[in-house]
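Make the complex out of the two chains shown on their own, each in a separate frame, by following the hints.
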Amino acid sequence: MEIIQQLVNGVSLGSIYALIALGYTMVYGIVKLINFAHGDVFMVGAFIGFYSITVFDLGFFPALLISMTACAVLGVLIERIAYKPLRNATRIAALITAIGVSLFIEYGTIFVRGAQPEAYPGNIIPAKSIEILGVKISTQSLLILGTSLFLMVLLQFIVHKTKIGKAMRAVSHDMDAARLMGINVNNTISATFAIGSALAGAAGVIFGVYYTKIEPLMGIIPGLKAFVAAVLGGIGIIPGAMAGGLLLGVIESLVSAAGFSLWRDGVAFVVLILILIFRPAGLFGKNIREKV
Amino acid sequence: MAVNIFKNARGFWTSIVLAVIFGVIMQFLITGGTLNAFYVNTLFFIGINIILAVSLHLIIGITGQFSIGHAGFLAVGAYASAIITMKLQLPFWLGIMTGGVAAAIAGLIIGIPTLRLKGDYLAIATLGFGEIVRIVFLNMDYVGGASGMTVSHLTTWPWLFGCVLLTILVIVNFTNSTYGRACISIRENEIAADAMGINTTYYKVTAFVIGSFFAGIAGALYAHNFYIIQPTNFGFLKSFDILIFVVLGGLGSMSGAMIAAIFLTIISTFLQSYPEVRMVIYSLVLIIMMIYRPQGLLGTREITSFLKAGKSAKGGVNSDSKNTVA
Chain A
1 MEIIQQLVNG VSLGSIYALI ALGYTMVYGI VKLINFAHGD VFMVGAFIGF YSITVFDLGF
61 FPALLISMTA CAVLGVLIER IAYKPLRNAT RIAALITAIG VSLFIEYGTI FVRGAQPEAY
121 PGNIIPAKSI EILGVKISTQ SLLILGTSLF LMVLLQFIVH KTKIGKAMRA VSHDMDAARL
181 MGINVNNTIS ATFAIGSALA GAAGVIFGVY YTKIEPLMGI IPGLKAFVAA VLGGIGIIPG
241 AMAGGLLLGV IESLVSAAGF SLWRDGVAFV VLILILIFRP AGLFGKNIRE KV
Chain V
1 MAVNIFKNAR GFWTSIVLAV IFGVIMQFLI TGGTLNAFYV NTLFFIGINI ILAVSLHLII
61 GITGQFSIGH AGFLAVGAYA SAIITMKLQL PFWLGIMTGG VAAAIAGLII GIPTLRLKGD
121 YLAIATLGFG EIVRIVFLNM DYVGGASGMT VSHLTTWPWL FGCVLLTILV IVNFTNSTYG
181 RACISIRENE IAADAMGINT TYYKVTAFVI GSFFAGIAGA LYAHNFYIIQ PTNFGFLKSF
241 DILIFVVLGG LGSMSGAMIA AIFLTIISTF LQSYPEVRMV IYSLVLIIMM IYRPQGLLGT
301 REITSFLKAG KSAKGGVNSD SKNTVA
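As they're listed, the protein sequences go chains A and V. The C-terminal position of the first sequence is numbered 292 in full-length UniProt numbering, with every residue numbered one higher than the one before it. The C-terminal position of the second sequence is numbered 326 in full-length UniProt numbering, with every residue numbered one higher than the one before it.
Some chain A residues near chain V, calculated using beta-carbon distances under 10 Å:
| id | residue |
| --- | --- |
| 1 | Tyr28 |
| 2 | Ile96 |
| 3 | Val270 |
Below, a sample of chain V positions facing chain A; criterion: calculated Cβ distance under 10 Å:
| id | residue |
| --- | --- |
| 4 | Val247 |
| 5 | Val277 |
| 6 | Gln295 |
Rather than coming from a laboratory, the hints here were simulated on the basis of the structure. Glycine included, C-beta positions come from ideal geometry on N, C-alpha and C.
Excised from the complex, chain V in its bound form (with noise of 0.2 Å):
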């Protein structure tokens, strides 16, 4: 047993420093002008995605709540974070901070009335409080309305980086501890949860806000990379692009949820002078997707779980159970 925690510590640990050195020489690369500014580009454009799509997979993947108003959180966070940098001239770590916990209370207050819901009726009123967020802003003279608000770039390969790793650990930590197993528990049958004594409502909300808290960082991170922001973009498509990344990857896998990111960024980017012809390609892989494979590309399993194929199931995440998300 002693053995046992020593190795995954030792697994933990080692995955840190890997990422740390990817990090750097990244960091190398970008100043040392070996990317250029497109593939510098792309490579925010994937980090953000990561982020956005861990954060919905911890929602829909590990609790089981299908929320398709993510774009809501990013655009709190956008607008919290770009009015704490650009209005009030505070250091741009605050705006991050403040990005996420001002989505992180959006959730809550969304969360508490809506999480009571199930299923379908979650989906709409999470897409419905997605829109109500976008009609807000579009109406608020104080952050420019339509036309957006100017923010300069602050967004930098260390504060992303940082961002994308902190993101990552947070949540692959909360799936592994007790409040993960409560979650899963709950994804997998409400009724039985609640009856072995699991406060349905309390878990489902601390995931949402978890989740939520990490959509607003991605929220800053995206408003310091673009010079403007408008309510258009935080519409409804937007929260499909997302889902469809943790969809596509296989609920319940936060690696298939990276993966998809990564992989549908790129795609993204070479398509991006045909929008209509993404979202063809998009529509129709989601449809046949659900025909033939509905628990998406890696199911419920982890990209490590491959690795090590042969050793005990591990249980939670990594076990085999099959797709029972709904």
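Same shape as in the complex, but just chain A (with noise of 0.2 Å):
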């Protein structure tokens, strides 16, 4: 029964993984550029939910709406000024620029409010646990899980049955055969980044209720693990952020269980590795050509 109980932590932690994978890999499928910055803007949505539910006294779910709301105003400004200017530039500089902005935001947001933690209250969600089989599975665990799968779900929604999604599927294709369609390749960037925004600030107020503890260096590691589970799918493929953020949650809560919980950390970048090295496309990834 403990592994099945893992099991259930890594899903939710999984869920998480996923949905900052999920801006990732729409991203980098639209405009080729790793946003270092997403996992910051991960951290501005806990602190948003966070301000929220204990200065404004709200909910959870209108929490995180706010959140996700602010959160994509953050996505397109940060690709309106620091990342638009570069988008014919060298990869190096586009990655570059990324890490500066990612910088920028954490310590930023140092400067302006210290940097000092924060805790969620524990009381937005009623804490009960329903035992199925012999496992505990909390409230929070489900609400976690629901969400994130309404959000995926409506995601595809968005992608495969929308205007909007259909010129993102066409940009991701071929940016200039798009253009020449009469597709407003700008504003369509400019959605993605909204849209990957929007759930990496979900990702941040769900991340806040489950652990409690924010602080604004926070974006860091889960961040760079997200792009990991990203890779892992295949970059760029939507289902596979899907599966490679849960497959990566569930390889943690494993090795933590098996007694390394120290070495968690280091698990996401050896899966990494080993991904790059055997099948660099990822998992859901087909091979292509390099073209000279």
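Okay, structure coming up:
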């Protein structure tokens, strides 16, 4: 039963990774940029959720919505100010800018409010647990899982059934051809950043509720791990990011369960290096021939 | 032609003599007490950062391999040398050598599989490697785990200066050798280099191992300058610090990387009490730099190329080719 308990924890953690990984993978799919600042958008989302709950006395869902909206705006701002001027620059220049934006958000937050951590109030979600076949599942885990799954389904709907989703798929397939077909590429890229960042904001609130402690540098490690999850599933592929996130969460929980909890942070990077060496296109990816 | 070689050799020896004179003068200033402890400390910081910047410059600026896990090699060098001097009670020079060699071995182990990756993937893989190194030291009780390891202060100016000079000499000569040319061709266009018969993996790994070796030496000096080393000193923020030197100075310009290392070390010493202000400034500089001058302050040129402006371009690192690191 212990192992099933760990699996449940792993899936909860993995759904948070998956939500962040979705933003990475969408942005990478469309502008071929590793948005290092994504983990920090997640952190900002957690703080906005925290302040809406403690200062404005809101419940979980309104806080989630506010945080998602604010993060969407932040994502679009980052894209417009920092990344858009570099769209035709070298990949390295874009990557360095992304690192710069990430550091700026982290230390800007510390500069504004200090580095001290905050604790999410514990009574937002009634902490009951349901016992199914001897496995205790807390209502928190269920709510987290439900919210994440709902958001993922919603994302699939947006990407596959709406006009903006169609535009996103077209731009990620071939940006120039999409522009020739009359698609407003700039708006589509902004929309991608908005959606990805909103998901990261949601992940931030969920993380805060689940783990209670938040701090300005909390986005770095989950951000990197979510990137690992995106690479694991095949970067640029939306179902891949979900599967990669869940898989990584489960792997980490199993490693903790096996008694190596201090090594947990290292496992993600070992997974990353292994996947990059043996299957660089990711689990769901196709190999693409290099063209001269 | 012969005159040219003679001139180059003379320039080479002149700069070495000048450097040694500078080193001796500084030694007298330090022992004579003209420089107080604060300045000496800053000077040591600058020296260590120059070694780091120049070694990463070889990997990113010359070979074009975007590695952001350099602090991992620094950590390997620091811990390996500290084990030699503190646990085994062996002399400091052996500690420095061991630090370099251990980091070079780590570079070889991580370089062979990951250097097959390109661009973004390589960056992430090296970042992951840096984190793994940190976590390994965090979990090693032999070296004190999270609370760190006390190290006696052995880094002196002659050691530091000698190592800086050695690093610069080796990397300049490497860059100007056939190896360096091969590495530059990989930076410019890997597929074309491959098509011209260059064993790209071999040269990439060679440059990576040499870069890691010097990072390890810097780690040895770093460890013996601080009384204590902890895994938290070697997180990816440290890697980014080193990366900023190289990017700011100009990808492909060694003197640029050195100038950036000197300049930023001095700035960060003065902003020591306000670490978050320092990082906000760093990050803004990075973003603005990438938007308005993505090739860095000097581009791929060296500071010496400004002195002999008008003479024919020498090619290689000194050529005015536009920045094509990607």
